[in-house]
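A.B. asks: Can you make the complete structure from the sequences, with help from the hints?
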Amino acid sequence: MSVAVECRDLRKTYDGKVEAVRGLNLQIESGECFGLLGPNGAGKTTTIEILEGLLEPTSGQVTILGHSWQEHPRELREWLGISLQETRLSEKLSVRETIELFASFYREPRSSDQVLDQLQLREKADAWVGKLSGGQRQRLAVATALVGNPRILFLDEPTTGLDPQSRRQLWDIIRGFQQHGGTVLLTTHYMDEAERLCDRLAIVDHGQIIAEGSPADLIARLGGHHVVEFEASGHHNGAAAERWRGLPGVESVRQDDGLVCLTVREPHLTIPALLEAVEEQGSELEHLTTRQASLEDVFVRLTGRHLRED
Amino acid sequence: MSTVQQSPALSRSPLSATGLSNGRWSGFTHLLSARMKELRREPEVVFWVFVFPLLLALGLGIAFRNKPADTTAIAIVNGPGAQRALDLIQHSGRMSSIHVDVIDQAQALKGFRLGKYDLVIEVGPADTLKYVFDPARPESVLSKAEVDDTLQTAAGRRNPLSTSSVISSEPGSRYIDFLIPGLIGMNVMNAAMWGIGFAIVDMRQRKLLKRFVATPMRRSDFLLALASSRLLLMIIEVGLLLGFGVLVFHMRVLGSVLGILLIGAIGALGFAGVGLLTASRAQKIESVSGLINVVMMPMWIFSGVFFSYERFPAIIHPFIKALPLTALNDALRATILEGASLAAQSGRIVVLAVWGGISFALALKLFRWT
Numbered sequence: 000m001s002v003a004v005e006c007r008d009l010r011k012t013y014d015g016k017v018e019a020v021r022g023l024n025l026q027i028e029s030g031e032c033f034g035l036l037g038p039n040g041a042g043k044t045t046t047i048e049i050l051e052g053l054l055e056p057t058s059g060q061v062t063i064l065g066h067s068w069q070e071h072p073r074e075l076r077e078w079l080g081i082s083l084q085e086t087r088l089s090e091k092l093s094v095r096e097t098i099e100l101f102a103s104f105y106r107e108p109r110s111s112d113q114v115l116d117q118l119q120l121r122e123k124a125d126a127w128v129g130k131l132s133g134g135q136r137q138r139l140a141v142a143t144a145l146v147g148n149p150r151i152l153f154l155d156e157p158t159t160g161l162d163p164q165s166r167r168q169l170w171d172i173i174r175g176f177q178q179h180g181g182t183v184l185l186t187t188h189y190m191d192e193a194e195r196l197c198d199r200l201a202i203v204d205h206g207q208i209i210a211e212g213s214p215a216d217l218i219a220r221l222g223g224h225h226v227v228e229f230e231a232s233g234h235h236n237g238a239a240a241e242r243w244r245g246l247p248g249v250e251s252v253r254q255d256d257g258l259v260c261l262t263v264r265e266p267h268l269t270i271p272a273l274l275e276a277v278e279e280q281g282s283e284l285e286h287l288t289t290r291q292a293s294l295e296d297v298f299v300r301l302t303g304r305h306l307r308e309d
Numbered sequence: 000m001s002t003v004q005q006s007p008a009l010s011r012s013p014l015s016a017t018g019l020s021n022g023r024w025s026g027f028t029h030l031l032s033a034r035m036k037e038l039r040r041e042p043e044v045v046f047w048v049f050v051f052p053l054l055l056a057l058g059l060g061i062a063f064r065n066k067p068a069d070t071t072a073i074a075i076v077n078g079p080g081a082q083r084a085l086d087l088i089q090h091s092g093r094m095s096s097i098h099v100d101v102i103d104q105a106q107a108l109k110g111f112r113l114g115k116y117d118l119v120i121e122v123g124p125a126d127t128l129k130y131v132f133d134p135a136r137p138e139s140v141l142s143k144a145e146v147d148d149t150l151q152t153a154a155g156r157r158n159p160l161s162t163s164s165v166i167s168s169e170p171g172s173r174y175i176d177f178l179i180p181g182l183i184g185m186n187v188m189n190a191a192m193w194g195i196g197f198a199i200v201d202m203r204q205r206k207l208l209k210r211f212v213a214t215p216m217r218r219s220d221f222l223l224a225l226a227s228s229r230l231l232l233m234i235i236e237v238g239l240l241l242g243f244g245v246l247v248f249h250m251r252v253l254g255s256v257l258g259i260l261l262i263g264a265i266g267a268l269g270f271a272g273v274g275l276l277t278a279s280r281a282q283k284i285e286s287v288s289g290l291i292n293v294v295m296m297p298m299w300i301f302s303g304v305f306f307s308y309e310r311f312p313a314i315i316h317p318f319i320k321a322l323p324l325t326a327l328n329d330a331l332r333a334t335i336l337e338g339a340s341l342a343a344q345s346g347r348i349v350v351l352a353v354w355g356g357i358s359f360a361l362a363l364k365l366f367r368w369t
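Protein chains in written order, with numbering that gives the first Met the number 0: chain A, 0 to 309; chain B, 0 to 369.
When the alpha-carbon atoms are kept at most 30 Å apart in a straight line, the in silico DSSO-like pairs for lysine-lysine are as follows:
#	chain 1	residue 1	chain 2	residue 2
1	B	K36	A	K130
2	B	K36	A	K91
3	B	K109	B	K143
4	B	K283	B	K36
Just so you know, the hints here were simulated from the structure itself, not pulled from any lab data.
C.D. replies: So, in structure tokens, the structure goes:
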């Protein structure tokens, strides 16, 4: 498999002060859907805009399909389809006019009708962009990326602010593109989106990649397999945390505002021991749930913060 | 996704050829047609670019036509001698150019302050006249001279010199004839500055510029399309205003329409350059609106849109003539009103070209697409 996108030791410093990207390495294979996952301000957008050739990196190298931006900008633009965060397309043009305008920039575009059908915008073809719903606008943004018949799709937070149904529609479109041989790079701060859509992902924080791998792999490696969350009456102190850590099968303990989260390998061993320990302590269990570990747990484990904390 | 699977055309790989291909000018023509559609669908643009200048021309044309310059309104303060003064004026044969009200003093002075009367006459004992006038108001000075002359003549003064007058109010020398070319020039400037400057910053703020440069779009095509849309609109604007002047005010156009359009085109492109420079860095439409107004303000005042810049002290005339709108207005007036040849306008055309050229070159250096 060939490499679609590669960057080495990417750095971007704004105004000589703010280090948005601090030595980032990335390799995306052709045909892959790769996700950059991280909280707001982690450097995702800066990274993707450097890869898109819209920002000059302070240092580092970018190679897209074996070419660099300095040498072959025009060819690369022909091969990339891009959806930026929050582009406001002209409100007084119709959906079809907008798609045809973008198609006109490419040497060999796809037919606008095909793209209208694929993105389920056929009914809205003659409606002005200003009259579209949020989900329809976002689909139109992706349509302007797909109409150039790209090999690689760059999507910066494609589903932010969309309702669940619109998000699922966009996921289907992205999967469809990938199934036909396209490569996708997307940024998101939605865990479920990354888990469902991405073959591999990189978790970005403070301008660096802090973990990389397939979602299942990351969860298994860093999140534990299961999470047991409970709340017990009585004292919550360091000594208690030590006791929870000593329970069988527990890999890590996190206390979150009275709620105790245990990442465990084998809940059937941990839970009976936990119930016993609570009783011994003379306190009462107020709440107990178990669930599969998620990327959120991975992120919290790695950074001590929640992904969507503001 | 069911529609996708049903359509055989979509089963091909996105990496395969599409069978469609675009020529060199496809991007340009689509950008231009999109721009024209957007403008047509924006009611504000239609109003400010097309309707507003016509309303302005109509309003000013009527205001200045219905008030011939030699009509003056005066008030005579009611009193013992007022009737005699009124009689003298009424029998002077100049009643048509002097409007007289006989009212009490307070009302007369109030009307004078508000500009309703150009002159107030108080008649004292033994026919002594007291004129109340304002030397800073030309119409007041004129009124005093004319009314005094009328009264003295009617009272029996003999003039030592004999005189005769020829009345000249040919089309071509009226205010509306002066105004229409000025309005065309101002409109070309306004439309180019807003149509280029504002439009670009608006697109930058909406991240549409960034989205465009993320495609293989040629940046020169984008700028060319904006400039071309200005030229197309300019032709319509000039046609409308000139046609309006000819039809409504019986204006005489002495120059060739082609020459007028050519000057309009040079003006539109020159101001497009200035507009581009204004918009090269601004990130917000609020800041570019301020900038555009700052750039245009001196030209509204100095460049002879509504009144001749000859009224300003001669020492600043070289500065005024170096302004692009002055060059455009002068060239338009000379061509439209005097039928001057393009060659005779070369100096003014150079002024416009230099402004446009330097602005464009600077704008390309400074311009930010993102």
